[in-house]
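*Asks:* Here are the chains, one letter per residue:
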Amino acid sequence: GDSVTQMEGPVTLSEEAFLTINCTYTATGYPSLFWYVQYPGEGLQLLLKATKADDKGSNKGFEATYRKETTSFHLEKGSVQVSDSAVYFCALSDGGSGYSTLTFGKGTMLLVSP
Amino acid sequence: DARVTQTPRHKVTEMGQEVTMRCQPILGHNTVFWYRQTMMQGLELLAYFRNRAPLDDSGMPKDRFSAEMPDATLATLKIQPSEPRDSAVYFCASGLVMGGRTDTQYFGPGTRLTVL
Numbered sequence: 001g002d003s004v005t006q007m008e009g010p011v012t013l014s015e016e017a018f019l020t021i022n023c024t025y026t027a028t029g030y031p032s033l034f035w036y037v038q039y040p041g042e043g044l045q046l047l048l049k050a051t052k053a054d055d056k057g058s059n060k061g062f063e064a065t066y067r068k069e070t071t072s073f074h075l076e077k078g079s080v081q082v083s084d085s086a087v088y089f090c091a092l093s094d095g096g097s098g099y100s101t102l103t104f105g106k107g108t109m110l111l112v113s114p
Numbered sequence: 115d116a117r118v119t120q121t122p123r124h125k126v127t128e129m130g131q132e133v134t135m136r137c138q139p140i141l142g143h144n145t146v147f148w149y150r151q152t153m154m155q156g157l158e159l160l161a162y163f164r165n166r167a168p169l170d171d172s173g174m175p176k177d178r179f180s181a182e183m184p185d186a187t188l189a190t191l192k193i194q195p196s197e198p199r200d201s202a203v204y205f206c207a208s209g210l211v212m213g214g215r216t217d218t219q220y221f222g223p224g225t226r227l228t229v230l
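Heads up: the protein sequence lines correspond to chains Z and U, in order.
Just so you know, this note's numbering puts 89 at position 89 of the first sequence, and the rest follows in order with no gaps.
Just so you know, this note's numbering puts 123 at position 9 of the second sequence, and the rest follows in order with no gaps.
I should point out that these hints are in silico values taken from the structure, not numbers from a laboratory.
Idealized CB from N, CA, C, for every residue including glycine.
A few of these clues could be false.
Claimed, not checked - Derived Cβ-Cβ restraints for the label pairs, each shown as a range:
(1) U/G173 x Z/T28: 14 to 22 Å
(2) Z/Y30 x U/R164: 17 to 25 Å
(3) Z/T26 x U/E158: 17 to 25 Å
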């Protein structure tokens, strides 16, 4: 079945450092890919998405490119802020089945210190 | 700014009691999902509905959990009887699915359930 693998955290960075969170996936069809963010005590929020190969999703300085050849969707940000501290989830859609559910990775906690 | 709402935000109950969690999806969305989040298991999909009809509830313990959508503005998740292992954060999410393709799922703030 479909699956998503994320790098384990926590990822600890200083403010203004460069961020990469790796995400790779396994899917039978042509999924859409998502990054969600969860701040402490809140629900998940969509951060960005990409629906086909080579698409780049971007939002709030974060970017991720849909790489079909490497089945990856790595999240990057050039300069992190303390306010970016959160848990980040990579996910893919189960478009092939027609049911359109999301398969999530286990999440990666990011801690940014001043 | 349309949002998914969930009530209650926090619930503490004793083992054996019935728990009902409610969700109001975003108006116009045709799909509602229930998830459970724990440290050990991460996010688990419990059940979901399309146009109020249950599509899959294979993620739920059938003997104690039930999910319904009495109308388009309300989804409920019930646990009866509750057990300590049900302690978790339960999220509702809604989305608009057309042509079998997943659009964004919008999550509510969650219900944090503690069963003593």
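*Asks:* A separate judgement is required for each hint: does it hold in the structure or not?
*Replies:* Now the hints, each set against the structure:
1. U/G173 x Z/T28: 14 to 22 Å: holds (20 Å)
2. Z/Y30 x U/R164: 17 to 25 Å: holds (21 Å)
3. Z/T26 x U/E158: 17 to 25 Å: holds (19 Å)
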